[in-house]
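These protein sequences, in sequence, are chains A, B, C and D. Residues 1 to 431 (the working numbering) make up the first sequence, in order. Residues 1 to 431 (the working numbering) make up the second sequence, in order. Residues 1 to 431 (the working numbering) make up the third sequence, in order. Residues 1 to 431 (the working numbering) make up the fourth sequence, in order.
Derived from the structure by calculation, the hints contain no laboratory data. Since the model is a prediction, treat every value here as computed from it, not as a measurement. It is possible that part of the hints are untrue.
Since the list gives no way to pick one copy over another, a pair counts as held whenever it fits inside one copy or between any two copies.
[To be verified] Listed next, the in silico DSSO-like pairs over lysine-lysine satisfying Cα-Cα at most 30 Å (straight line):
| hint | residue 1 | residue 2 |
| --- | --- | --- |
| 1 | 108 | 200 |
| 2 | 419 | 200 |
| 3 | 343 | 381 |
| 4 | 173 | 67 |
| 5 | 67 | 51 |
| 6 | 347 | 419 |
| 7 | 132 | 343 |
| 8 | 173 | 125 |
Number of protein chains: 4
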Amino acid sequence: MIPRYSREVMTSIWEPQSRFQIWFEIEAHACDALAELGVIPKEAAKTIWEKGNFDIERIDEIEREVKHDVIAFLTSLAEYVGPEARFVHQGMTSSDVLDTCLNVQLVKAADILLDDLDKLLEVLKRRAYEHKMDVCIGRSHGIHAEPVTFGLKMAQAYAEFDRNRERLVHARKEIATCAISGAVGTFANIDPRVEEHVAKAMGLEPEPVSTQVIPRDRHAMFFATLGVIASSVERLAVEVRHLQRTEVLEAEEFFSKGQKGSSAMPHKRNPVLTENLTGLARLVRGYSIPAMENVALWHERDISHSSVERMIGPDATVTLDFALARLTMVMDKLVVYPENMLKNMNKLGGLHNSQRVLLALTQAGVSREDAYRLVQRNAMKVWEQGADFATELKNDPEVSAKLSDAEIDSKFDESYHTKHVDTIFKRVFGE
Amino acid sequence: MIPRYSREVMTSIWEPQSRFQIWFEIEAHACDALAELGVIPKEAAKTIWEKGNFDIERIDEIEREVKHDVIAFLTSLAEYVGPEARFVHQGMTSSDVLDTCLNVQLVKAADILLDDLDKLLEVLKRRAYEHKMDVCIGRSHGIHAEPVTFGLKMAQAYAEFDRNRERLVHARKEIATCAISGAVGTFANIDPRVEEHVAKAMGLEPEPVSTQVIPRDRHAMFFATLGVIASSVERLAVEVRHLQRTEVLEAEEFFSKGQKGSSAMPHKRNPVLTENLTGLARLVRGYSIPAMENVALWHERDISHSSVERMIGPDATVTLDFALARLTMVMDKLVVYPENMLKNMNKLGGLHNSQRVLLALTQAGVSREDAYRLVQRNAMKVWEQGADFATELKNDPEVSAKLSDAEIDSKFDESYHTKHVDTIFKRVFGE
Amino acid sequence: MIPRYSREVMTSIWEPQSRFQIWFEIEAHACDALAELGVIPKEAAKTIWEKGNFDIERIDEIEREVKHDVIAFLTSLAEYVGPEARFVHQGMTSSDVLDTCLNVQLVKAADILLDDLDKLLEVLKRRAYEHKMDVCIGRSHGIHAEPVTFGLKMAQAYAEFDRNRERLVHARKEIATCAISGAVGTFANIDPRVEEHVAKAMGLEPEPVSTQVIPRDRHAMFFATLGVIASSVERLAVEVRHLQRTEVLEAEEFFSKGQKGSSAMPHKRNPVLTENLTGLARLVRGYSIPAMENVALWHERDISHSSVERMIGPDATVTLDFALARLTMVMDKLVVYPENMLKNMNKLGGLHNSQRVLLALTQAGVSREDAYRLVQRNAMKVWEQGADFATELKNDPEVSAKLSDAEIDSKFDESYHTKHVDTIFKRVFGE
Amino acid sequence: MIPRYSREVMTSIWEPQSRFQIWFEIEAHACDALAELGVIPKEAAKTIWEKGNFDIERIDEIEREVKHDVIAFLTSLAEYVGPEARFVHQGMTSSDVLDTCLNVQLVKAADILLDDLDKLLEVLKRRAYEHKMDVCIGRSHGIHAEPVTFGLKMAQAYAEFDRNRERLVHARKEIATCAISGAVGTFANIDPRVEEHVAKAMGLEPEPVSTQVIPRDRHAMFFATLGVIASSVERLAVEVRHLQRTEVLEAEEFFSKGQKGSSAMPHKRNPVLTENLTGLARLVRGYSIPAMENVALWHERDISHSSVERMIGPDATVTLDFALARLTMVMDKLVVYPENMLKNMNKLGGLHNSQRVLLALTQAGVSREDAYRLVQRNAMKVWEQGADFATELKNDPEVSAKLSDAEIDSKFDESYHTKHVDTIFKRVFGE
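My request is simple: use the sequences and hints to build the entire structure.
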């Protein structure tokens with residue numbers, strides 16, 4: 001996580017101010033529940049809410065001494081609350097605060113990422129309809145195959161990110177749990193009703209069985225999901241990079257008016273944003289492995305997961321948020337060149353329809369072997385001499401003996417390829 | 001995937017016989033739909049089902065020549081079907097067959113893994129109830145903390161694998177899709193209703209928008225989920241390994257009667273099965289990265305994903321199946337030593353109750369600082385001289401001035417720690 | 001490791017026959033040393049070499065019973081050797097045999113991989129000199145930049161694989177060690193001179209300090225190195241895939257005469273081999289993570305590394321061997337189209353020389369701002385209307401006031417870009 | 001990289017101040033070479049060294065506008081240098097500065113890491129000699145096996161980190177290269193002698209063939225090497241964590257006098273530093289995958305590597321530096337309990353010598369089967385009833401018929417196990 005690839009909306013979740021504020025809320029809500037249960041005076045709970053506060057510099061100062069962040073926080077809190085502070089944190093352990101806080105932060109992060117995805121989906125849908133029928137050559141293996149439309153490309157991306165949205169909803173649910181279960185998670189020192197109260201108040205579910213810590217398979221699943229989403233970011237970024245290649249130039253990242261390309265070469269508009277996204281995807285993907293390694297804590301808990309999460313918690317969420325926002329901006333402003341798409345598609349003189357001609361010949365009674373030979377010899381002329389495929393076919397007596405010029409022309413009608421675009425759009429967008 | 005770590009039930013999915021059988025079914029179901037749509041004769045579809053067959057050796061022979069597995073298969077099929085074979089595969093591409101088949105295989109694999117999880121859950125639940133109240137020391141950081149029960153450990157594992165089951169249900173849904181959409185996925189050459197028919201017949205959903213290939217974010221999510229499940233396998237395996245350590249010996253992998261330990265040392269029963277599981281988890285986890293790298297195919301498709309999937313498809317599913325089955329066996333037969341658990345717990349003379357004594361003193365009016373000093377000085381005697389904590393407390397005049405012997409004894413009643421075991425079991429097992 | 005991506009030369013290393021043969025040699029060499037030290041009779045050592053043999057089916061049969069592969073092997077060996085067999089394996093542990101054998105196998109694998117690299121280097125060098133001066137456009141960000149030559153691309157690949165060769169030499173050294181140190185590695189039961197003898201006989205170095213097992217940081221480094229080499233395979237594969245794109249077509253994977261492209265489209269030659277290599281690289285790279293996780297064995301040893309190595313030992317070496325051999329074949333036969341390179345380069349009407357013109361104008365006394373404006377306005381005409389850059393410049397009075405036609409022409413002499421090809425070749429090939 | 005896990009010595013390398021200073025030096029040295037070659041005036045080169053400076057805030061301001069960090073830097077530089085600034089960066093590209101700078105930074109980082117390793121090695125050696133003959137039980141699979149010494153454990157760690165040191169020396173060499181080769185790396189616009197001069201001045205080697213960028217296989221190898229070193233950190237950290245377990249307690253992380261353990265339980269000293277190291281190792285290891293994915297840049301270069309390196313460059317080096325320093329501190333102050341080691345070892349009544357007794361019986365003429373039976377029945381009494389093994393053997397008439405009490409006692413002399421400690425130390429420490 002570095003400023004260059006960060007957005008404030010996400011980094012703010014990971015700021016000390018946010019963390020301590022969440023800690024405070026967890027402690028204060030716990031006090032409410034403890035008061036309700038008669039464990040501490042109701043007045044104390046009220047005081048804590050009223051006077052509760054903390055001073056980050058003071059916390060840092062205390063932590064340097066006691067080397068324990070939760071104790072440092074509680075000490076600072078006590079300095080604001082006064083004697084009632086002794087009722088705070090009764091029967092709780094640090095992990096109750098730390099793990100519940102981490103999950104609150106991850107839930108907040110997930111909400112931002114869901115919002116990012118919504119914005120991206122909106123842009124993709126708009127671009128899909130905008131270019132719904134803009135025909136371009138479909139490519140398998142980087143080689144011209146048969147036509148698709150640019151709208152279909154966008155629809156595919158939409159469907160993929162819509163799946164990612166659903167995955168993230170699941171992942172959010174995975175980590176939306178709360179543990180206030182005390183040492184080794186037995187509730188020996190704290191009533192389970194406290195956990196239920198805090199969970200509800202913080203928008204979480206009680207963790208069914210914690211062991212002082214919330215089990216880390218939840219977090220592994222969360223970060224793995226971010227890794228998958230990042231991989232989809234890479235896919236769309238790579239598509240743009242390919243389309244912007246000098247020889248292809250079917251689309252381009254937006255270039256602001258004043259922005260200078262590389263010195264004097266006007267074509268030198270580099271797809272640096274999508275290249276950047278490709279790298280960011282590698283990072284987010286990479287964080288999933290340490291997250292999975294975090295699962296096998298020793299016995300009821302060890303603290304090896306902590307250093308990993310202090311890093312990848314912010315790193316993965318901030319980087320993915322930045323990447324999604326950047327991707328949305330790139331797709332929103334992407335300059336699309338439908339005329340270049342046609343030019344590229346027609347570069348091969350109509351060869352992308354060769355299979356249809358083949359089929360027409362066999363339907364006209366030519367054996368498959370002969371049909372293949374006929375198509376092939378005309379296709380080779382197109383390929384090697386840059387001729388026009390339909391013209392060659394019409395000039396080939398063996399072909400014209402079986403297919404009229406009109407019949408041949410009908411095989412070069414591109415609407416053949418796009419006749420199910422509506423079907424697919426209906427599947428993807430439901431309308 | 002090697003025989004040593006494989007079970008036939010899972011490897012059989014990946015055998016050529018299974019693969020070609022699925023290919024046949026996809027092609028034959030597609031013919032049914034094509035016949036229904038009037039594209040091919042109904043009689044032809046019938047004949048294909050009746051005479052359809054294939055010969056693996058023949059397929060291999062043809063593939064060596066044409067270097068294309070689907071063409072080789074279709075040729076072998078044609079040799080059984082006869083002239084009607086020309087109606088097979090009309091308007092389809094190889095990917096329609098390959099991708100739909102892979103997903104059928106992954107769905108079958110998921111079903112086996114779900115069954116594996118069910119068996120594991122059953123065993124964990126039984127062991128949880130069996131040892132529900134067998135107290136053992138809870139350990140944070142590998143250090144004695146406060147008591148838990150062995151049943152709670154099992155309940156935690158149950159809850160974790162129950163989550164994994166739900167994750168796998170999602171992952172199964174991710175890859176339960178079918179694509180029969182022809183070249184570059186536009187349905188130009190094949191009616192979408194064929195896809196709908198085949199999907200239904202094969203127990204899949206139509207892929208909303210494919211691009212000749214089914215998008216690989218689905219598979220990435222599937223393999224990432226297996227990686228998370230494997231990480232949970234590691235967690236439980238590591239727990240057993242810890243419990244079996246010579247100095248701990250609270251549980252042991254089952255050792256068959258005749259089985260020789262390492263030569264003459266009867267204690268030399270090594271937790272080799274759970275160590276093995278630890279290694280297998282590393283493998284399954286590792287496969288998630290190439291699966292994520294597979295997402296960013298070029299344009300409508302390239303074939304770089306194929307070699308990855310030919311390896312990790314079998315490797316990940318077979319290894320995880322083997323690991324889950326082995327873990328179930330280990331947990332089923334795990335030899336548990338409740339008496340050693342007590343012995344270990346009491347090794348520290350009751351120190352695990354020191355906090356309760358501290359609390360009792362403060363409640364009896366001693367200041368927190370003084371209470372700490374009193375507890376600490378008696379605890380140190382226990383720690384350094386192996387004394388009994390309750391006895392020391394009773395003999396300390398400053399303590400006995402505040403707490404009666406009965407009151408002190410009451411702080412050493414272990415039921416304090418287990419009073420919410422029922423609550424937790426209810427949460428986990430719902431009963 | 002599946003037959004499709006395997007070569008017999010490498011898989012044979014991992015066959016039971018090879019493994020047991022190495023085991024036999026380790027045991028027999030150890031007997032020689034033990035005999036020399038007077039621990040066992042010299043005659044016994046001789047007999048072991050003379051009669052020593054094993055029967056794989058028999059070993060499997062015994063292993064199914066005793067569940068210990070080394071004991072099963074020793075039993076089979078004893079059935080051939082007779083009573084002298086009791087002198088075999090004296091003071092040794094299974095790990096002495098297993099770990100030393102694994103390293104022998106990895107060394108053999110490394111030797112094959114080194115040979116693979118030598119062959120690849122030879123091909124790359126030949127292609128480099130063959131196309132040393134074949135000019136093609138250099139691309140940064142996929143966008144035309146300035147000219148390079150195809151020979152330079154090959155020289156770059158040569159230098160990269162030459163580095164990989166050196167890395168592999170280091171990696172080979174890492175795992176070329178032998179441990180015959182007995183239980184927990186103390187030599188309590190076996191003289192260190194036995195290890196020295198066996199090491200020498202097997203072409204290894206004695207492991208300075210083993211702990212029953214050879215430390216796994218060595219293997220981690222080995223597999224990480226394979227991961228880096230695989231990443232270089234990917235780089236060159238991706239280059240070929242890019243060059244073969246329909247719009248670029250500067251090179252193509254060789255297509256055998258009879259080989260059919262996709263049906264009737266003669267341009268549909270797909271770079272399937274390099275796409276395949278891209279996938280294989282993902283696999284080999286992925287194995288490096290479990291190899292690193294294997295390092296932290298518990299205390300003197302646990303056996304969690306074993307299952308990982310049984311899989312990735314063959315998987316990584318066989319896959320990389322196959323990939324290198326395939327890459328060598330691809331590069332050997334790569335069809336290169338220098339004329340297309342020129343066509344592509346000139347597609348932008350000479351714009352790749354715009355910086356040189358800019359520089360010439362400033363040297364002719366034009367301010368940098370004015371020079372930029374002059375170049376830019378002519379470049380735009382080229383870019384937007386497909387004009388010829390040199391012509392436009394000559395026709396621009398402001399330009400021609402400063403630069404003569406000859407001077408302008410001199411800025412379009414491509415030898416400017418290639419003047420240091422020799423320098424670079426000398427650096428790379430030393431000649 | 002977060003302050004909690006960072007040391008200033010390493011983070012300072014990655015500060016803007018350091019980066020811009022390196023940029024300045026690269027540019028100024030290049031000017032020297034250009035002046036020497038007569039491309040720019042010698043006076044200009046002199047002026048650049050004399051007046052050359054930069055203002056970070058000003059650079060940030062300019063970069064916000066032009067979105068190009070090198071241009072922003074050059075502009076700021078020009079504001080200090082004056083008109084001579086036009087001679088700076090002649091014929092160079094941004095990558096020349098950026099890539100050379102990154103390598104300078106990585107070399108500096110490697111030097112700090114080498115220093116870290118030297119300090120760790122020194123501590124390990126000291127602790128090895130200190131505890132050279134402190135016997136403790138060796139454990140395979142976590143189960144008591146035969147004795148080793150604590151010194152041997154340290155010697156093993158020393159040998160492992162000594163290998164890591166050598167690996168890092170190689171890795172440092174990998175990235176100690178310089179590229180000043182201009183656009184697409186052809187030296188078209190800059191004489192190769194400039195590169196040679198700058199390389200020498202910056203302590204680097206010229207990159208034999210760059211393509212505007214320095215090839216990323218070098219960096220992949222560098223970061224993979226850090227991943228291996230981190231895995232060794234994990235191994236030693238896990239060893240400490242195991243030794244500190246309550247039931248084992250053979251060593252403990254140092255606990256400062258005033259430092260409070262967890263509340264009132266004096267045994268609650270948690271190995272939090274080594275747990276922390278375990279987590280940090282996961283992070284560093286994880287960065288190796290994106291580094292390997294960075295290798296396959298498109299054609300002469302794309303910029304996808306950049307975002308990865310901006311993150312993992314600091315993250316990997318800072319985290320590993322912190323981890324090594326922390327590990328050194330832990331090992332330096334590790335509290336070792338030789339008496340507990342003996343207590344643990346003897347917990348099994350001498351069973352760890354059972355194999356020696358077995359061997360003595362066979363040497364006294366007992367068949368292997370009978371010897372096994374005799375040893376086994378006495379061992380079982382020890383195991384099940386906590387008896388003393390030697391005593392039981394002496395009391396067994398069948399045993400005493402073959403072995404005198406003195407002969408039995410001689411099998412319990414621990415010097416048997418340590419007789420080759422000197423040999424191993426000599427191998428490891430060469431003395």
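Going through the hints against the structure:
1. Within a single copy, residue 108 and residue 200 get their C-alpha atoms as close as 15 Å, which meets the 30 Å cut-off; across copies the closest is 39 Å, which misses it.
2. In this assembly of identical chains, the alpha carbons of residue 419 and residue 200 lie at most 30 Å apart only when taken from different copies (23 Å versus 52 Å within one copy).
3. For the homomeric pair residue 343 and residue 381, the shortest alpha-carbon distances inside one copy (19 Å) and between copies (20 Å) are both at most 30 Å.
4. Proximity of residue 173 and residue 67 under a CA criterion of 30 Å is satisfied in neither setting, with 33 Å inside one chain copy and 39 Å between copies.
5. Only within a single protomer do residue 67 and residue 51 lie at most 30 Å apart by alpha-carbon distance; the minimum there is 26 Å, versus 47 Å between protomers.
6. Taking CA atoms no more than 30 Å apart as the test, residue 347 paired with residue 419 passes inside one copy only; the shortest distance there is 23 Å, against 35 Å between copies.
7. For the homomeric pair residue 132 and residue 343, the shortest alpha-carbon distance inside one copy (18 Å) is at most 30 Å, but the shortest distance between copies (33 Å) is not.
8. For the identical chains of this complex, residue 173 and residue 125 are neighbours both inside a copy (26 Å) and across copies (24 Å), given an alpha-carbon limit of 30 Å.
Going through the hint list in order, the structure does not satisfy hint 4, though it satisfies all others.
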